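Peer 1: Listed below are the residues making up each chain.
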Amino acid sequence: MAPSSGPFSPASRLTRRTFLKHTAQATAAFGLPTLLPATAFGAKGNTLPSARINLAVIGLGNQGAGHLLGGGWTYVPGGYISRDDVQVRAVCDVQRDRLTRAHRRCNEVYAERFNRPGYTDVAAYSDFREVLARPDIDAVLLALPFHWHATLAVLAMRAGKDVYCEKPIALTVAEAEAVVSTAQRYQRVYQAGTQQRTEYGGKFRTACELIRNERIGTLREIYAYRAPGAFFPTQWTSSSEAPVPAGFDWDRWLGPLPWRPYAENTRSTPSDLLAGDVNWSPHHYDFVQWALNPSPTSPVEIEYDRGRIRYHHATGVVVHGADFPGETTGGQGGACFLGSKGRLAVDRDRLVSYPGHLARTPLPAGSERVSYVNGHQNNFLDCIRTRRQPISHPEVAAASMMTVLAGGLALGLKRSLTWDPTKHRFIGDDIANRHLSYLPRSPWSL
Amino acid sequence: MSPRFGFRFFTARCLLALLTAVGAALSAEVGPHPRTLEQALIETLERSTDVVRRCDACRQLIDIGTPACIPALVAALSQERVSHAASNTLAKLPFPEVDSALRGALPQVTGAARIGLVDLLGIRRDGAAVEPLSPLLASADPALTEAASRALGRIGSDGALAALESQPRPFVPGVAHALLACAEIRREAGRTPEAARLYRLLMVDDSPEPIRSAAWMGLARTETSQRTELITQAFFGAQGPIRDTAFQLLRERPDRTLLAAFLGRWNELAAVQRLAVMDAHVAFGAEAVPTLRLAAKDADPGVRRAALASMSKTGDPSLVPLLLEAAAAGEMPERESARYSLARLTGPGVAEALESALERTPVPQTNEGLRALGERAEPRAAALLLRFAVNEDATVAYAAQRALVQLNDPATLAPVLDLAVARTADSVRRPLVQVAANLCADAPDKVEANRLVFAALRRIPIADRTAWFDLLPALSTTEASAEAELHALGPDPDSARAAVLAFARWHDASPTPILIRLARRDPSAPLSRLALRSAITLTDREPSGEQRLILLESIAPWAQSPEEKVLLLTQLRRIRTPAAARLVATFLVDQDVAERAAADLTDLLEVQHEAARQLAATLLPEVVKISKSPETLERAALLQEKTKSGPNGGARP
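Heads up: the protein sequence lines correspond to chains E and A, in order.
Numbered according to the numbering used here, the first sequence spans residues 565 to 1010.
Numbered according to the numbering used here, the second sequence spans residues 41 to 693.
Hint data in this document are derived by calculation from the structure and do not stem from the laboratory.
Since the structure is predicted, the reported quantities are computational estimates derived from the model, not experimental observations.
Every residue gets a Cβ at the ideal spot worked out from N, C-alpha and C, and that includes glycine.
Hints may contain errors.
Calculated Cβ distances over 12 Å to all of chain E for the following chain A residues [stated by the list, open to error]:
(1) 105
(2) 329
(3) 345
Capping the alpha-carbon separation at 30 Å, the derived lysine-lysine pairs in BS3-like fashion look like this [stated by the list, open to error]:
(4) A:682 with E:905
(5) A:682 with A:668
(6) A:665 with A:682
(7) A:665 with E:767
(8) A:353 with E:767
(9) A:605 with A:668
(10) A:684 with A:665
(11) A:684 with A:668
(12) A:353 with A:337
Estimated spans, in silico, between C-beta atoms of each pair [said to hold, decoys possible]:
(13) E:642 with A:669: 44 to 50 Å
(14) A:531 with E:887: 49 to 55 Å
(15) E:678 with A:507: 55 to 61 Å
(16) A:484 with E:887: 44 to 50 Å
(17) E:890 with A:532: 41 to 47 Å
(18) E:865 with A:229: 40 to 46 Å
(19) E:978 with A:590: 55 to 61 Å
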C-alpha cells in the first residue's frame, strides 16, 4: 500500500503533472493536438508510440534551424517540426532576427498541419531561463556557440529536461565532468550530437566493428584527420569593437566567456580563446575512440611535436592528429586505421580498405558488436520515451571530448603531456592541470 | 605628479621590466625567468590602464603565479573588466594564502564581482568561507543568494550543510540543488545515514520534481537494502519522473527478486515498464527467453521491436523459427529487429537451427534465413547457399545469390562458375555471373580467380560469351583485356559494344590505348563514339597526372561532339599543370565549348598562376576576349591584376 505522505502521496498543489492534466483537458475540449509531455502519462496510459514529446529548440543558427526546420545537412527531412511524435513548444535565441524567423515559420507549419489559421502556440524567448522554467517542456535541443553547450545542458538537466546537445559538448574537462555528473544526478536522457554512431548508412559502425574484430590485423596507427582542441586563451579579452547589431543580446551570447566588446566577425566562440580544432575534431575523435575502445584506466601519452599531436596508447597504438598521406577518405568526420594485415579508412561518404575485401566481407556471427542504432534523433526521442540510455550518452560523449581537450591543451601549452583518463588529470604536470577548467563569468558558474 | 607624468613613468617602468624579462629570455634562450616575468605582470596588473593587457597579465599568471601575485590579483577583483580574469587565475593558484585573501576581500566587493567572488570561494572549497557566506543566503539579491547556495553546496562541510538546512521551507531551487550536492558528498564519503537523511528531506512533496527524482535516485543508491521496496513503490506509484528514474535504476542494477515480482504483474505494467523489466531481464542472458517471447507478442510495437532485437543476446537456437517468422512479415522496424538478431545470434546449435529451418519454412522465411546466412559470414553456409542459388523459385535463388555475394568467400568462385556454365537460360546464368563477378572483384588472389574464370570461359563457345563480360572488368587482368579486345574488334556489333562497356568499367586506365584505337578506326561509327567516351572516362583511373595528360592529348583530336569535348575538358581541369592549361586553351576557339573552356582555363590558372605567371599573362587575355560570362570575366580580370602585381600579389593576407 502506498504511504499517505512522502514521495508517493497524491499531490494537490499545481505541479508539472497537474498543470499538464489541466492543459490536456483544455486541449481536448477545444479539439487541439495532444500536447502532453511524454512523461506525463499515468501507468495505464503510457504507451510508447502515442507520447508526443514537447520540445524547445535553443539556438537558431544554421545548426539549430536545420534541426528545427530541416535543411541540406539535416538527417530528418523537414526537421523536428515535421515529426508527428514531436511538438515544438518553444524556440529561443539571443538574436532577434533569427528568433523571429524561426518562430514565424514554426507557427506557420503547425497552422497548416493542424488546419488552424493563426496558430500561435509555439512561443519565442530570448532568455533560455524562461524556457527551462516551463513545466510542460520535456526536452531541449541545444545548438549554440560552443561555449554555451555545457553550461546550458547542465542548467537544462537540473530543470528536469532531457537534452540533445550539439558538439562540442564541452570546452573544458571540468565542463565535461559537470555534464556527466548532472546527467547522473538528475537521471536525464542526454544525447550528444556525435551522430556518426548512428547515421551515414552505418559506415562508421561497420568500420568500428571491423577494427575491433581485427579485420585489418593488429591495430598499429590511426590517423584522425584533425588536430584536437580545447579552451586555451591566447588573449583573455579584446579591444576591437563594433556596434552591437539591433536585437542582439551580446552579453547573453557571451554568457560564461570573458567579456569582450562585440566584433563584426564574431560568429562562434572567438578563436583566440581556443587552441586547435574543437568544431570538427569531436566527430573524428569520437569515432576513433569508438573503434579503438581504449582502456578506461591506462594513461595516454600525448606527444607534442612541432604543432602536431600524437596520442600513444598503452597498447602501442598511436593516434595521429593528422591526415594519412595520400588517403582522401577520412576527411569528413572519419579516420584511417593501419593494421598488420591492411588499412581501412572511413568517412561520411566512403568506407574503403586495402585490400578491398577487408571492408566488404562481413564479420562472422559471434564477432564483437557495438550498439546498433539507426538515426540519432530517433534514438534520442525513443530514449525520452523509454528512459533507455542513448548511444551518445554523457559518459561516452565526455570520454571522447576529454580526449580532444587533453590533446588541445598539449597543443596550447606546446608540450607533451600524460593524460590519466580515470582521474581526468595530467600526470606530473600541475601547471597543465590548471587549464582543465575556467571560471565562468558571473552569474554562469555551475 | 601629474597623471600624464605618472602614466609615462609607469610605461617606462613596465617597458624596463619587460625588456629585462626579454633580455633574460634571450640570454637564457628559454624565456624570461618566471619570477622576473611574474614581477613584470604584477606591475602591469597594478599600474596599466589597458584592460586587455591587465587581463592578459592575469592569464599569464595562471602558469607562473606564486603567492607574490595574490595581492595584485585580489585588488583587481573589484575592477569591473578585470575582475573575471583575476578570479579565474585565483581559482587555479594552489596556495592557501589565496583563500584568506579572498575572504578578506568579500566585504569590499560589490555587484557581479561579488557574485564571482562567492563562486570562487565555493570552487576553492574553502571551509573557512562558510561563516562569511552563510549570511548571504538571506540577501535580497536573488543572484547573490543563489551563488551563496552554490558555494556552500560545493564546500559541503557540516557548517555549510547547517547553513543550507536552516533556510526556510520549501527550499528554493538553489538551496535544494546545493543540499543534493551535500548529500552526494556524504554518500561518496560513505556517510550513508547522513546522506539518506538529506535525500529524504528533499523527497518531500514541495520539492521541485527534478530535485525529488534526483533525491529518490540518491536514496536508492545509498540505501541498497531499501532499493527493492523503493523501486516497487515507484513502479506502481503515480509520480512520472520518479517512476522514470526507477526504470533507469532497474536497468542499472538488475535484481532477480524485483524481476520476479514485476514479471508476475506483467499485464498490469505500462508498455514503458514492460520494456524496462525486459531490459533488466536480458542482463541475465538465456533465462530471459520466456520474457522475450512474451514481449515479442506485446500489444505495443516498441516493446515487440525491442524484444526481437534483444533476442540476439540470448544464444538460444529455439528462437530461430520465431525470428524467421518475424523477419518475413509485419512492419519494417520489427522485421529489421528480427533480421538484426538472426545475423547476430550466436551459441551452440544456432547455425544448425538456421540451416535446418530453411528446409521446412515457407518461401519468405527461407529467404530471410538465406539473407541471415550471408550476413553471418559463416563459411559452412556456402554449400547450402550454392544449392539454393539455383532454386526453382526465383526469389529464393536471388536471396541465395545475394547471400553468396555477402559471404564473399573466394572458395565459392569455382562452384558458382560451374553452376553458371551448366545453365543455358540467360535469366538463370546472368545472376550467377554477377555473383562470380563480385567474388572476382574482391578476390585476394587475382591470379587464381583469373585461372578459374578462363577455365570456365573455355567451356563456352566464343559467340556465347557476351553474357560473361561482367567478369572481365572484375578481373581487370591482361588476359581479360585480351578477351575484351577480341570481342571489341570482332564482327558481332552487340558483342563489340558489350566489350567496350566492359573496358569502361576497368579497374585501371590500361585499356585506354585500345579504346583510342577503336575510336580512330571508323570515327563516324557509334561504336567508335562509345569507345572514345569510354576512353576519356577511363583516363580518370590513371594516377599520374602526366600520363593522364598524354592519354587525353591523344584523344583530343578525335573528340567530335560537344558532349565529348565537355567530357574531355572535365578530365583536363583535374590536371593542374601548365600543359593541361595549354590543352584547354586550344578549345577557346571551338564554338561548341569556348565558354566552358574559358571557365575551366580560368580555374586552372587561378590555382597555378604563381607558378605559371607567364602562361597566365599569355592566356588570360584570350579568356577575356572569348568569354561572355560575367563571372568568368570578373575572375579573369582579378587574376590578371594579381599576375601583374608581382610574386606575392595574389597571396592571401
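Peer 1: Take the hints in turn and mark each one as holding or not.
Peer 2: Hint by hint, here is what the structure shows:
no. : hint                         : verdict
1   : 105                          : 9 Å, violated
2   : 329                          : 18 Å, holds
3   : 345                          : 9 Å, violated
4   : A:682 with E:905             : 50 Å, violated
5   : A:682 with A:668             : 21 Å, holds
6   : A:665 with A:682             : 18 Å, holds
7   : A:665 with E:767             : 49 Å, violated
8   : A:353 with E:767             : 23 Å, holds
9   : A:605 with A:668             : 19 Å, holds
10  : A:684 with A:665             : 18 Å, holds
11  : A:684 with A:668             : 23 Å, holds
12  : A:353 with A:337             : 18 Å, holds
13  : E:642 with A:669: 44 to 50 Å : 36 Å, violated
14  : A:531 with E:887: 49 to 55 Å : 51 Å, holds
15  : E:678 with A:507: 55 to 61 Å : 57 Å, holds
16  : A:484 with E:887: 44 to 50 Å : 27 Å, violated
17  : E:890 with A:532: 41 to 47 Å : 43 Å, holds
18  : E:865 with A:229: 40 to 46 Å : 33 Å, violated
19  : E:978 with A:590: 55 to 61 Å : 47 Å, violated
In the structure shown, a violation is registered for the earlier hints numbered 1, 3, 4, 7, 13, 16, 18 and 19, in ascending order.
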